[in-house]
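Residue numbers (full-length UniProt numbering), protein chains in the order written: chain A, 1 to 469; chain B, 1 to 253.
No wet-lab data here; the hints were simulated from the structure. Warning: the hint list may mix true and false statements.
Computed footprint of chain B on chain A; a stretch qualifies when at least three of its residues, placed anywhere within it, have a C-beta under 8 Å from a C-beta of chain B [what the hints assert, rightly or not]:
no., stretch
1, 401–411
2, 417–425
3, 432–438
No residue lacks a Cβ here, since even glycine has one placed at the ideal position from N, Cα and C.
Here are the chains, one letter per residue:
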Amino acid sequence: MESENPQFEKDQLRDERGAMDPVAPVFSTGVGIDAETIKQISQAKNEPAWMLEIRLAAYQTYLDLPMPKFGPDLNGIDLDQIKYFQRATDHIARDWEDVPNDIKATFERIGVPEAERKYLAGSAAQYESEAIYSNLKKDLESQGIIFMDTDSALQKHPDLVRQYFGTLVPADDNKFAALNTAVWSGGTFLYVPKNVHADIPIQSYFRINAGRTGQFERTLIIVEKGGSVNYVEGCTAPNYSEDSLHAAVVEVFVKKDGYCRYTTIQNWSTNVYSLETKRAQAGTNATMEWIDGNLGSKVTMKYPSIYLVGQGATGSMLSIAAAGANMHQDTGAKMIHMAPHTHSTIVSKAICHNGGRADYRGLIKYTKAATKAKSHVECDTILMDPDSASDTFPVNDIETSDGTIEHEAHVSKIAEDQLYYMQSRGLDEATASQLIVMGFLEPFTKQLPMEYAVELDRLIKFQMEDSIG
Amino acid sequence: MSTLLIKDLKVVAGEEPILNGVNLEIKAGEVHALMGPNGTGKSTLSETIMGNPLYQIVEGQIFLDGQDITTMSVDERARAGMFLAMQYPTEVVGISNADFIHAALNARNGNQPVAILPFLNELKQQMDFLEIDEDYADRGLNADFSGGEKKRNEILQMMMLKPSFAILDEIDSGLDIDALQIVAKGINAMRSDEFSCLMVTHYQRLLNYVVPDVVHIMMGGKIVKTGGPELAQELEKTGYADLSGAVEGSDND
Ligand SMILES: Nc1ncnc2c1ncn2[C@@H]1O[C@H](COP(=O)(O)OP(=O)(O)OP(=O)(O)O)[C@@H](O)[C@H]1O
Ligand SMILES: [Mg+2]
Numbered sequence: 001m002e003s004e005n006p007q008f009e010k011d012q013l014r015d016e017r018g019a020m021d022p023v024a025p026v027f028s029t030g031v032g033i034d035a036e037t038i039k040q041i042s043q044a045k046n047e048p049a050w051m052l053e054i055r056l057a058a059y060q061t062y063l064d065l066p067m068p069k070f071g072p073d074l075n076g077i078d079l080d081q082i083k084y085f086q087r088a089t090d091h092i093a094r095d096w097e098d099v100p101n102d103i104k105a106t107f108e109r110i111g112v113p114e115a116e117r118k119y120l121a122g123s124a125a126q127y128e129s130e131a132i133y134s135n136l137k138k139d140l141e142s143q144g145i146i147f148m149d150t151d152s153a154l155q156k157h158p159d160l161v162r163q164y165f166g167t168l169v170p171a172d173d174n175k176f177a178a179l180n181t182a183v184w185s186g187g188t189f190l191y192v193p194k195n196v197h198a199d200i201p202i203q204s205y206f207r208i209n210a211g212r213t214g215q216f217e218r219t220l221i222i223v224e225k226g227g228s229v230n231y232v233e234g235c236t237a238p239n240y241s242e243d244s245l246h247a248a249v250v251e252v253f254v255k256k257d258g259y260c261r262y263t264t265i266q267n268w269s270t271n272v273y274s275l276e277t278k279r280a281q282a283g284t285n286a287t288m289e290w291i292d293g294n295l296g297s298k299v300t301m302k303y304p305s306i307y308l309v310g311q312g313a314t315g316s317m318l319s320i321a322a323a324g325a326n327m328h329q330d331t332g333a334k335m336i337h338m339a340p341h342t343h344s345t346i347v348s349k350a351i352c353h354n355g356g357r358a359d360y361r362g363l364i365k366y367t368k369a370a371t372k373a374k375s376h377v378e379c380d381t382i383l384m385d386p387d388s389a390s391d392t393f394p395v396n397d398i399e400t401s402d403g404t405i406e407h408e409a410h411v412s413k414i415a416e417d418q419l420y421y422m423q424s425r426g427l428d429e430a431t432a433s434q435l436i437v438m439g440f441l442e443p444f445t446k447q448l449p450m451e452y453a454v455e456l457d458r459l460i461k462f463q464m465e466d467s468i469g
Numbered sequence: 001m002s003t004l005l006i007k008d009l010k011v012v013a014g015e016e017p018i019l020n021g022v023n024l025e026i027k028a029g030e031v032h033a034l035m036g037p038n039g040t041g042k043s044t045l046s047e048t049i050m051g052n053p054l055y056q057i058v059e060g061q062i063f064l065d066g067q068d069i070t071t072m073s074v075d076e077r078a079r080a081g082m083f084l085a086m087q088y089p090t091e092v093v094g095i096s097n098a099d100f101i102h103a104a105l106n107a108r109n110g111n112q113p114v115a116i117l118p119f120l121n122e123l124k125q126q127m128d129f130l131e132i133d134e135d136y137a138d139r140g141l142n143a144d145f146s147g148g149e150k151k152r153n154e155i156l157q158m159m160m161l162k163p164s165f166a167i168l169d170e171i172d173s174g175l176d177i178d179a180l181q182i183v184a185k186g187i188n189a190m191r192s193d194e195f196s197c198l199m200v201t202h203y204q205r206l207l208n209y210v211v212p213d214v215v216h217i218m219m220g221g222k223i224v225k226t227g228g229p230e231l232a233q234e235l236e237k238t239g240y241a242d243l244s245g246a247v248e249g250s251d252n253d
């Protein structure tokens, strides 16, 4: 391990995200990126030539595009110092017994194998650049559901991947989408056939281990007509003195009458820049729901969008962001209404403490075709101290005359009378504040499977412990 | 056992003087009623005893079991055995009533978690006793409760937390006749040598069900008269008019 300062070692010890594993990658392209790096990645994966072409074209786009001109300060990212591809194991295990001990121990501490035994229909784990584990329950497999990492999907179902890849998020969408398209690796491929229901959660867990790691997963979810799926992703990294970059691209296609709930619990350590592009498309009478919890990272920029392309499609975003010391959560949602009678809801809740910053950035767009569209946007923020900050940047772009939009935004402190009432029953101020915050987040947590809700409560309490009392 | 002793208490809210020298002693096992016209300082006294930061003590002391509690924080006072049923209980959404009471019990148990099953059993028992529908355990703390429901919920909390000294600020206001009897039943169930209580009320009605040992009358930020239960009955007939002389008389500044 490289020399680290003692403060960081201390932080690692007390960090529930766990310490870095002493795992050496079996293959890495090393530090930095050029066209050669991309060829190496593609070759290491034995990819078809068309994918390499997509990658190389995207790399050029990446070089041409500027950094984002809004939002958080990204000057801390040194793109020349990132390791763009690191393969941790030489194959994807189907059984946790086959996962190398150090890596297995890390996922066990996070609770991934246990969650799978108890309540998941399928589970996958990615470590640095690639999947190290993947398993789907037999009965789901036999109904034709495909759940695997996107690299494997490219090998086993190249036509499906080719049909959808990059069609919702083109490489030139933004600089980091271009970068992801150039160096993507891993991510989830989930295909749900017509009228098949996968309502028990299927989970992928993403772990960054080393410092200066770039993780560029590429996720593709396709829900055919009348199908449904409940997908959950989690992510963590150990505290590290050197910044890492997580730049994911997610594309979700929900066909007519389909349903997809996509839940994320993001708990990156505060050395990770998480710059994500997530987009979904909902067909006629289809429903797409993003449930998005942002608890960690140094900087997050993420505005999942839903293109409501079919008549009667519904989109919703329910998000929370918790920003503590040295954290900037710049999150939100975009709802693009492109068909009649489409509905969308955005509920965004944020807690800022210890000087943290959480901003909401959102877009509601009604194209001319979106007659009788409806949208409701609600942003609530609690500022725990005067050093913390929050702002909202809502944009409406309306080309129809018969739609409705409601927008509410509230910023508040923890109410003194509530604190007093709770203290009068014997709770100390810190515990009372925590309970009030949990109550504030309850509309979010009650949407999570019980086990995740418990975990989320625990993570938030942990994050806030330093800031109050 | 819990004895409350208040010595020459003077309290302001901001610049405004509200209590002008209150003296009061409540011995362990006693129930005292505190009556007096609107705006005379009864809630201020209640809140000051509990430690509400809106009120500042400028003079005097409050002792609980001989210990000066005037510098203790609100939650320390609560953990020392004090309880205040508030005139206007606060609503907190998103935290269930049951979770809140459990958290309060944990806090009073030195932050050691109280076993959940016995807790839930007792909660159910007390809710049955107070004829509170079981849904109210899972509803948000006082959230969208009616005025009377909030009062009943205060009594439920008192019965679960088992304070040694409780202040009940207008626990009878907003209660229908049946609810008043239920609340009174709750208070009477608490009565023992180990429990003392200060009940603020405007009406004899409550005192018919919970017969106090001592009755005090407060006017102009002072206790102007103290007597037995018969004092409240007299007051019912005469009102406060006859006592206004007492305020002037006892005003020594
Ligand atoms: N926080 C405060 N700031 C300023 N003045 C206050 C505050 N709280 C109470 N007061 C004033 O102090 C006086 C006493 O109020 P208090 O609520 O103690 O009366 P009370 O005897 O409980 O009356 P009621 O019978 O109406 O409940 C009133 O004039 C009230 O306006
Ligand atoms: Mg009052």
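Results of checking the hints against the structure:
1. 401–411: violated (count 0)
2. 417–425: holds (count 8)
3. 432–438: holds (count 4)
The structure fails to meet hint 1 from the earlier list, while all remaining hints are met.
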